[in-house]
Amino acid sequence: MTDTDVRPQPTKKGLTRRQKRSISRGAQYVVFVAAVIAFAVSADWGRLQNQFAQADIAERMFPDVITLALKNTVLYTVSGFAVGLALGMVIALMRLSSVGPYRWLAGIYIEIFRGLPALLIFIFIGVAVPLAFPGTEIIGGTYGKVALALGLVAAAYMAETIRAGIQAVPKGQMEAARSLGFSPARAMISIIIPQAFRVILPPLTNELVLLFKDSSLVLFLGVTLEERELSKYGRDLASQTANSTPILVAGLCYLLVTIPLGFVVRRMEAKAQEAVK
Amino acid sequence: MSRPEIDVRGLHKSFGDNEVLRGIDLEIGQGEVVCVIGPSGSGKSTLLRCVNLLEEPTKGQVFVGGTELTDPDVDIDAARRRIGMVFQQFNLFPHLTVTENLTLPQRRVLRRDKARAAKVAAENLERVGLAEKANAYPSSLSGGQQQRVAIARALAMGPQVMLFDEPTSALDPELVGDVLAVMRMLARDGMTMMVVTHEMTFAREVADRVVFMDGGVIVEDGTPAQVIGDPTHARTRHFLSRLLDPAGADVEEETSDQVGKTG
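Which chain is which? The protein sequence lines are L and Y, in order. Residue numbers for the first sequence follow this note's numbering, beginning at 279 and rising by one. Residue numbers for the second sequence follow this note's numbering, beginning at -12 and rising by one.
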């Protein structure tokens, strides 16, 4: 037998794989602990507390921060999401259309609105639309404008998500529906889209989280006191009191919503994984 | 003889440069059960899918119940209501219960009211022996049960013709029998059936006619006794010997006239 293959040597000189691995892991812990200590020592906690955690200022923010600011944030987000979902659905279907110009138009829309910062869209809605169509008021005033601006941005992302969801439904589903006498549109509505939604619910909820944060851009539209949302409210109060505690409180209010939502998304993803099995 | 229920004339179908069907003429009379057999890639599934126009024929005509489906102005959705189809992969709607799988098409397509649709659904589930699974979801059923639900779903639409596209090929061997039993019952009840299958026993016992396809054409067409029992063409004999004794086949060169697409 002429076995010239180089075989892996089970007993080699130097460190074994296992030893190398444990050294590497140990090093990672050391770096982590060192970073935490360095941060804790070098930060000036007293001044930070003074600037960001004044209990009496925080107390004065209630209940307005919830009943006004958080409420408006939620309102902006939900209305933007609704517009985005409706528009995104239309664009997704256009993207899948057999009519060429529809596909191109949808493609162009997606590229433009995914490529632009949301901030520019807000400025565009706030400035360019009133200039281009003088005398026309966007329905709902600021609320309508925000819903439109957030919706335009969200639609581009959601369209791609929805398209992917629709394409993830096996081809046999459409064939089965057509062979039962469903028209293409009816099959899409009754059979395909309900299945697509089960797939895209987690990414859509993620989009909701993103919109929730993007709603802070409303401050570039110029809002009345009653229309302020969390970021604007926090900033205004911070400059009034010359203290940053309101920013911290506003931040915590965001997390109050986004963390549970993130938890829900992970639950849904786990469930979807389960269903696939 | 009265007009055939299914009438295929001069049918050609190409996928790009790949000519899958090269001139098919086939008539199936009312109440007739025709099994289409042939090697994979012979075009038998494509032929079946052309009968309800899931595949658009490149050339030729298809008539079902006297209506020309290949007429560009035909109401294809209306025409398909007369034609039930059963797929290899069942294609039940996974987001609906068994009963909803049967009622939703009736309600949306036939515009039947709720009570009527529910009644028809229950009757047809009874027919395929799955009344007790009415509220289950497809994913909780075995493959054989899913396929029987799929048959019931097609039957609930009251079709005049049933097409079966390798209905037992995706099933575990021990589950094939239940599905074949349902199909046998349908045949006995006088349903016009076109069945693409590899189940030779079923073809021999249930079919009125067996059609052997190879390379996109019909090679042989006759009673089961003729086609399976005493085939005249070498290609048919070769195919049958391979099917009946897979372990006995020799290694051989790929033949050039095989058509690429499987099924």
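The hints are simulated quantities; they were obtained by calculation from the structure and are not laboratory data. One or more hints might be untrue.
[Said to hold, decoys possible] As a list, the in silico DSSO-like pairs of lysine-lysine whose alpha-carbon atoms are at most 27 Å apart: (1) L/K549 with L/K449; (2) Y/K106 with Y/K120; (3) L/K449 with Y/K120; (4) Y/K101 with Y/K120; (5) L/K549 with Y/K120; (6) L/K349 with L/K449; (7) L/K349 with Y/K101.
The structure displayed is predicted, hence computed values, not measured ones.
Now for the hints, and whether the structure bears them out:
{"no.": "1", "hint": "L/K549 with L/K449", "verdict": "holds, 23 Å"}
{"no.": "2", "hint": "Y/K106 with Y/K120", "verdict": "holds, 15 Å"}
{"no.": "3", "hint": "L/K449 with Y/K120", "verdict": "holds, 26 Å"}
{"no.": "4", "hint": "Y/K101 with Y/K120", "verdict": "holds, 19 Å"}
{"no.": "5", "hint": "L/K549 with Y/K120", "verdict": "holds, 24 Å"}
{"no.": "6", "hint": "L/K349 with L/K449", "verdict": "violated, 43 Å"}
{"no.": "7", "hint": "L/K349 with Y/K101", "verdict": "violated, 42 Å"}
Of the numbered hints listed earlier, those contradicted by the structure are 6 and 7.
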